[in-house]
Amino acid sequence: MSRDLREEGPKLQTNVVLIVNDIYKHFGDLEVLKGISFSIREGKTKAIIGPSGSGKSTLLRCINWLTPPDRGRILLSGVEIGSSTIPIAKFRQQIGMVFQHFNLFVHLSALENVRLCLRKVKGMSKKDATERAIQLLARVGLSDKATSYPAQLSGGQQQRVGIARALALDPKIILFDEPTSALDPELIGEVLGIITDLARGQTTMLVVTHEMGFAQSVCDELIFMEAGKIVEQGPPNALLFNPTQERTRAFLGKINELYAHGSGE
Amino acid sequence: MEILLREAIPLLKGALATVEMLFGLLALGLLMGLLFALVQVYGRPVFRLGVSVVELTLRGVPALVLLMLVFFGVLKFEVPFIAIAIVTLGVRSSAYQSQIFKGAIESVESSQMEAAKAIGLTKVQAILHIILPQAIRFSIGPWTNEYSTETKLVSLAYVVGVIDILRQARYIIQYTYGNELVLYSVIAVFYFILNRIGTAALYALEDKLYVPGFKRRGT
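Protein sequence lines correspond, in order, to chains A and B.
Going by this note's numbering, the residue at position 224 of the first sequence is 224; the numbering climbs one at a time, nothing skipped.
Positions in the second sequence are counted from 1; adding 1000 to them yields this note's numbering.
If you are wondering where the hints come from, they were derived from the structure by calculation, not from laboratory data.
Source: prediction; values computed, not measured.
Mixed in with the good hints, there may be bad ones.
Dumping the calculated DSSO-like pairs for lysine-lysine here, alpha-carbon to alpha-carbon at most 27 Å [to be verified]:
no. : chain 1 : residue 1 : chain 2 : residue 2
1   : A       : K122      : B       : K1123
2   : B       : K1208     : A       : K172
3   : A       : K126      : B       : K1208
4   : A       : K120      : B       : K1152
5   : B       : K1013     : B       : K1123
6   : A       : K172      : A       : K90
7   : B       : K1215     : A       : K127
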């Protein structure tokens, strides 16, 4: 691990939250990730873009070990995940995750969804945990939905509860797996708005997304992935408007075409 | 009909024994059934195999034959007859209940376990707080069926000498030289009511645990 840190410079040890180093993952014959490396500094937001099947979601799931990688290393604040004697659950408590399909606990109310980890992971008293959960729901604009069950909430509301749940543990980083892909178009804005607020508040985030406008305006850096590899990464404007790689250009061209058709131009 | 008033106390004692056995065997079956189900879903292969063998055996042999086997198997140890009935029928019920709970656990979306892990719960915590509360809700319907089966099956305890409601009735019939139809009718009604009360209670439990988004009977 010392090698990566030297490469990044000495003072990074204090503010690099996540280092992903040469991650490989295959399912059967299918090699999904082929040597992925990048890092994220504290307070920064990175977006991962790329075509379907390029391994973006698998990469996120490797980071919190829901899908343990075959090879390579993940370091959270300098501590390697999965190789030490520290249980995986301890790492996951420091990594928030927001799912494409929300994955709220269906038998629990919005409040209980957020409160559960405060009680069971942080060991807070019921009173303190409830108070904190109410605060978090207020932060995502859902104070009035605390007693509603997931089935009674719209997709956008469910996803906002999902974000509140991820925030509950004060994670070092939050992973977003296509947080708006399962939403009706008119609900996307409310979720992106929350994520934008978080980015302004210096929450460290890694967001897999197809929302190019969001990626451009909110994220500090973009990663373009294709076929299990990082093709190109850099600041949003450079990558979106001046890509160096032909494959990036091709992908962005398709996206532009789609948007042009979508708006009826 | 005065026979019923005269013999009310032995009949009630018999009824009590039947109810005790029913609740005893269901409770034993519930605990073991849940454990078997958890092993079958989450256990190591060797334990899964072991549980499957036990479960298939218990489900493949008639309850009456199991009772006879255990009765003669433990004959010289002077085990109380009621204990033989509860344990034998309870363990047998656990095989059926394990299938109910296994199915229920497997019907919980896998994404629920993932979300539980993602917020840092251990697997045991995830099972306790996320998987089982949902699985229990799925299993009340089929479990009501199992309850109904066992209320009737518990009458087999008669053959291993338990003084249940059926045997008390036999005694009364023997020393009064008659009244068969009256007594057996009373017993039929007793089992029917026992069945309905329990079923109603389980429906009430299902309603109490209902949360929006879960299916209820008939929906």
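Hints, one by one, checked against the model:
1. K122(A) - K1123(B): holds (16 Å)
2. K1208(B) - K172(A): violated (39 Å)
3. K126(A) - K1208(B): holds (22 Å)
4. K120(A) - K1152(B): violated (42 Å)
5. K1013(B) - K1123(B): violated (46 Å)
6. K172(A) - K90(A): This hinted pair holds, its Cα atoms lying about 12 Å apart.
7. K1215(B) - K127(A): Distance ~31 Å between K1215(B) and K127(A) Cα, so the pair is violated.
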